[in-house]
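Peer 1: If you're matching them up, the sequences are chains A and B in order.
Counting from -8, one number per residue, gives the positions in the first sequence under this note's numbering.
Counting from 1471, one number per residue, gives the positions in the second sequence under this note's numbering.
Errors might be hidden in some of the hints.
As the list claims (entries may be wrong) - Computed from the model, here is a short list of chain A residues facing chain B with C-beta under 7 Å:
1. G(-3)
2. T124
3. E244
Unchecked claim - Each computed DSS-like pair below joins lysine-lysine, with the alpha-carbon atoms no more than 25 Å apart:
4. K1604(B) with K1478(B)
5. K1648(B) with K25(A)
6. K41(A) with K1604(B)
7. K1549(B) with K1648(B)
8. K1603(B) with K1648(B)
9. K1648(B) with K1658(B)
I should point out that these hints are in silico values taken from the structure, not numbers from a laboratory.
Note that beta-carbon positions come from the ideal geometry of N, C-alpha and C, so glycine has one too.
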Amino acid sequence: MNFLAGTWIGEWLAGLGRIALLARDAIASALTFKFSRRDLLHHIYFIGVKSQSVVLVTGAFTGMVLAAQTYYQFHKVKMDTATLAVVSVSMCSELGPVLTALMVAGRVGAAIAAELGTMRVTEQIDALRTLATHPVDYLVVPRLIASTIALPLLTIESMCIGIGASYVVGVFLLGIDPAYSWYDMLKYSHDSDVLIGLVKSVIYGGIIALIGCYKGLSCGTGAEGVGRATTEAVVYSSITILVTNFFLTLALEQLCVLLGI
Amino acid sequence: MIETRELKKSFGPQLILDGVNLRIESGESAVIIGRSGGGKSVLLKHLIGLLQPDSGEVLVDGESIGRMNERQLLRVRRKFGMVFQGAALFDSMTVAENVAFGLRRHENLTEAEIARRVAAALEMVDLPGTEEKKPAELSGGMRKRVGLARAIIYEPQFVLYDEPTTGLDPIVSDSIDKLIIRVRDRLKVTSVVVTHDMRTARRVGNHVLLLHEKKIYAHGTPEEMFASQDPVVRQFIDGVADLKETHF
């Protein structure tokens, strides 16, 4: 593999390896339950509660535009009442988890990378280490657990508000029949759609926290280093979420078929 | 006892330490002096395992720490306290939370006992009653004192000081020197001070080591070092610049 040393592929693979090692270390540490419950609650509050406004606005307007766009296409073939079913399945299995994760990556991933990056350049991480505290135990584990708890909850909110907003737009603005729409939505939306969305959101929560922590802990020197780490945390988290989403959709759909869910 | 054997460290192509050998006995107050950018802080960070050597050994109480992983080092680091050049206080926490950090993490104490020990540590560094302040509200000298209180609260065996008086006025520097001596005498700790301040070196050390050209060039008692006629030692102690050099 020496021929890859110094090339961007080599650097990329090395970065992936380091994130994998960080994930292994963090999961092993989390399983010892040595993290502070107070820190965990603080991060759940910061990642979950404080992200609600962006997630709710994103979810609501995505549901609304999806309802309008779907209605205009379905109206041509007299399938108006299938509008909410399309919105529901999309919000549950794709748009809810992905858009929530992208918004949280922008807000929380950036904040984690900036905070840990600043701690690194001001020697606060070294200070932690001299106080016999492993940075992974103290900084990464609470954020990782909080993120994997908060993301599914935010995703459920996003699904609900998206479907609710699409109902309002469809029924009160576009004049779709409410009873048939509701009936079709329940008929074509399955437990598996919600389950797929929630499994994805747990994975995205892990991705956001791990990439944010990794970028912060490995950031370069000075303000430029922190700025770059913050940008890269958002960009890499977003790309990873979008790429992972494709493979997760294929794998989870197949899994649901196999398990008969 | 802390010892290094043939310690070598490079950052990329730049060689920083080239076979450093030193030995600091328990109870000693060692001062490492040398030019700015000469590798003093890098050497200090090797002593506590914050950096790993490219080759050579670091021994703490006879135990080699150079090849330990981060988790194995946690046990060794409980013997140490470290005061950083910029204090490195946790800026999201109050002074009391900063000082109590090590206690909360490693000792099972009641809140009342933690508060009592925090107050005692702050009293020792002449900062009583500052518990609820944030680091941003403190001056440079006060921040270093809080850093010292945080380092000594769990009564470590070794305290490392990285440029403790850099950036402070002479009066505050003097008070920090006195604190280092007070901590050394009251807690009976082994101190390792990295500085380029000759007054600090003379006052707090009973063993002075000069890091020059990536190695320990000379060492001895402060009296021996300050009376030395060696041109390199003399140049550093007298603070005489050679204008042909371009390292400033």
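Peer 1: Confirm or reject each hint.
Peer 2: Hint check results:
1. G(-3): Hint on G(-3)(A): violated, closest Cβ of chain B at ~13 Å, above 7 Å.
2. T124: Holds, because the Cβ-Cβ distance from T124(A) to chain B comes to roughly 5 Å (cut-off 7 Å).
3. E244: Hint violated; E244(A) Cβ to chain B Cβ min 40 Å, cut 7 Å.
4. K1604(B) with K1478(B): violated (39 Å)
5. K1648(B) with K25(A): violated (39 Å)
6. K41(A) with K1604(B): Status holds; Cα separation ~24 Å.
7. K1549(B) with K1648(B): At roughly 23 Å apart (the allowed maximum being 25 Å), K1648(B) and K1549(B) satisfy the hint.
8. K1603(B) with K1648(B): holds (24 Å)
9. K1648(B) with K1658(B): holds (15 Å)
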